[in-house]
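Using the sequences and the hints given, assemble the complete structure.
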Amino acid sequence: MHSFLGILFDGLAYGALLFVISVGLSITLGLMGFNNLAHGVFAMAGGYLLVTLMSKAGIGFLPALPIVFCVVALGSLVLERTLYRPLYKSTPLNQVLLTVGIIFIATAGANYIWGSGQQPVVIPGWLSGQYAVLGLDLSRYRLFLMAIVAVITFALVFGLERTRFGAKIRASVDNQRTAEAMGIRVERVFQLTFALGSGLAGLGGALGVDVLGLDPNFAIKYLVYFLLVVVVGGPGSVFGTLLAALLLGVADIAGKYYVPQLGAFIIYAAMIILLLLFPHGLLGRRKAK
Amino acid sequence: MSDNLAKVSRHLSFLRARERWKPAEIVFWLALVGVYFAFPTSLVFASQILITGLFALSLDMILGYAGIVTLGHAAFFGIGAYAAGLMAAHGWHEPLSGLLVAGLVAGIAGYLSSFLLSRGGDLTRLMITLGIGLLLFEVANSATKYTGGVDGLQGVEIGKLFGVFGFDLYGKTAYVYVLIIAFLLFAFTRSMMHSPYGLALRSIRENQTRALAIGIPISACLTNIYTIAAAIAGIAGALLTQTTQFVGIDVLSFQRSADLLIMLIIGGTATLYGGFVGAAVFLLAQDRLSNLNPQYWQFFLGILLIVMTLYLRSGMLGGLSRLADLFRHWRNKERS
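Those protein sequence lines, which keep their order, are chains B and F.
Under my numbering, the letters of the first sequence match residues 237 to 525, in that order.
Under my numbering, the letters of the second sequence match residues 1492 to 1827, in that order.
None of these hints come from the bench; they were simulated from the model.
Because the structure is a prediction, the values reported are computed rather than measured.
Misleading hints may appear alongside valid ones.
Unchecked claim - Under the rule of at most 20 Å between Cα atoms (straight-line distance), these lysine to aspartate or glutamate pairs were calculated in the DMTMM-like manner: (1) Lys-457(B) x Asp-1750(F); (2) Lys-1636(F) x Glu-1648(F); (3) Lys-457(B) x Asp-1741(F); (4) Lys-1513(F) x Asp-1816(F); (5) Lys-457(B) x Glu-1629(F); (6) Lys-325(B) x Glu-1697(F); (7) Lys-492(B) x Glu-1629(F); (8) Lys-325(B) x Asp-1741(F).
In structure tokens, the structure reads:
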């Protein structure tokens, strides 16, 4: 029983992390239908930036996080301008190829600069260790992760549902043409959402160094997970993404704990079945066409 | 009336002209025969290029002609490779029947998985093909008893072709064998793509709604082509097994699917020859560059992909034919 609760806890923390990284992809996919396979690159960039800031510049863990967010968001704007924008109206194949190219460059670059090994990160003392709650050892860092995700989720939902910009995003996701006709500058909305989502991915990557690990193959290794969270959750839906991320996190950790010999088998099988049952995602917003 | 007839015959003559073997095509295949005499020391590498080219051709059928984006085509290559390997390792050493069985098994797998592709949009399809590929990799990885896992399948022994031609160390028999099989499958694919069926596939790619409106059975067409492409990919995998007498687990890897896609794009989609040209360019460049440093290769590949998608969407063969068009245009202008 205890081990079950422990797995549930670890799985939820893992899922929370997947959520932070993937939520930006979900919104941009829902908004522009751009098949961005390179989303993990932003997470990876966030991770490397954090490690470098902490070891080379001597900045603390907490102050480094907002810096990572801003730098990755700005960097993604540059990429959006130069590489992504010409292909918005292009075929999925071209988008896939472009983003696979970005992954390759990022992987080779990270390999060249930081080497192929795992990057270590030093978690501040007050975040390491465990709390004993009801006989369960809960890692402080994972609790911290969950708290951050709760805050981010709340902010995102509030922003999407209650602000003018959120209304613009929802309108553009639902029907891009009509939104444009109403005077919403969809490209601008997309640009800002893209930067926000990439920044969040960078933040997630930075937070995840301790949990997911960080090496040059990060973007390829977790590509399936990010896409899976988005596609299962339904592109453009924050709650769907959260639900899918938590489900997937728990399923993955439980699978690796109970049936380790199957490896990643469970996650791929679950993905195919879920996609067949819910081709539009669990809580997908069906587009009005 | 006669005007109408003339119009019909003009359309027919267009189709007939497409069907005819062009001089460049004959030169292409003769050059491949020439490779046997010109480079007797690198025939092993040359047959790998041919096998990969055949594999890329099978991807071209579903990607270039039918327009299905897949990231898991290596699944069928791997199934064929393991089918041929397992047969040979368990006492059936005849190569041609091995090819046949491998093609059959991969074709059945393709037929079954084609039904999974009928739902959802491009992204869902992409994820499902990716998922099937990764799933099979995991299966092969964990079923070490049958596949040898990461160590690869050992003890693959291939008997003499027709009981006469043994597979030698220099790959002479292997090259001729691969070349003949590749040519036969190519000719089959070529005639299929130039038939009304091939045109129907193209129209599905261009516009599904209109294709449906003129009475093309879309899902049946896609199931067909997916099955045939899977079978050809399986035969390519079996060729690799038989010529190298070994099956490594990388036949199923994501990298293989991604590389294949890149080769086809480099060569040019829906051109039939794009796969072969792309495979040759890709493998030769990889051979040269990754000897320097594997990271350079990956970096270069990334740059190449981005440049191609932004500026050169039709691949090398597309670029060449555009150059030829420009040249013809320019010559016509000179004349008039």
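Here's how the hints hold up against the structure:
1. Lys-457(B) x Asp-1750(F): 16 Å, holds
2. Lys-1636(F) x Glu-1648(F): Status holds; Cα separation ~18 Å.
3. Lys-457(B) x Asp-1741(F): 16 Å, holds
4. Lys-1513(F) x Asp-1816(F): Measuring from Cα to Cα gives roughly 16 Å; hence the hint holds.
5. Lys-457(B) x Glu-1629(F): 14 Å, holds
6. Lys-325(B) x Glu-1697(F): 15 Å, holds
7. Lys-492(B) x Glu-1629(F): Holds, because 13 Å separates the two Cα atoms, which is no more than 20 Å.
8. Lys-325(B) x Asp-1741(F): 35 Å, violated
The earlier numbered hint that this structure contradicts is number 8, and it is the only one.
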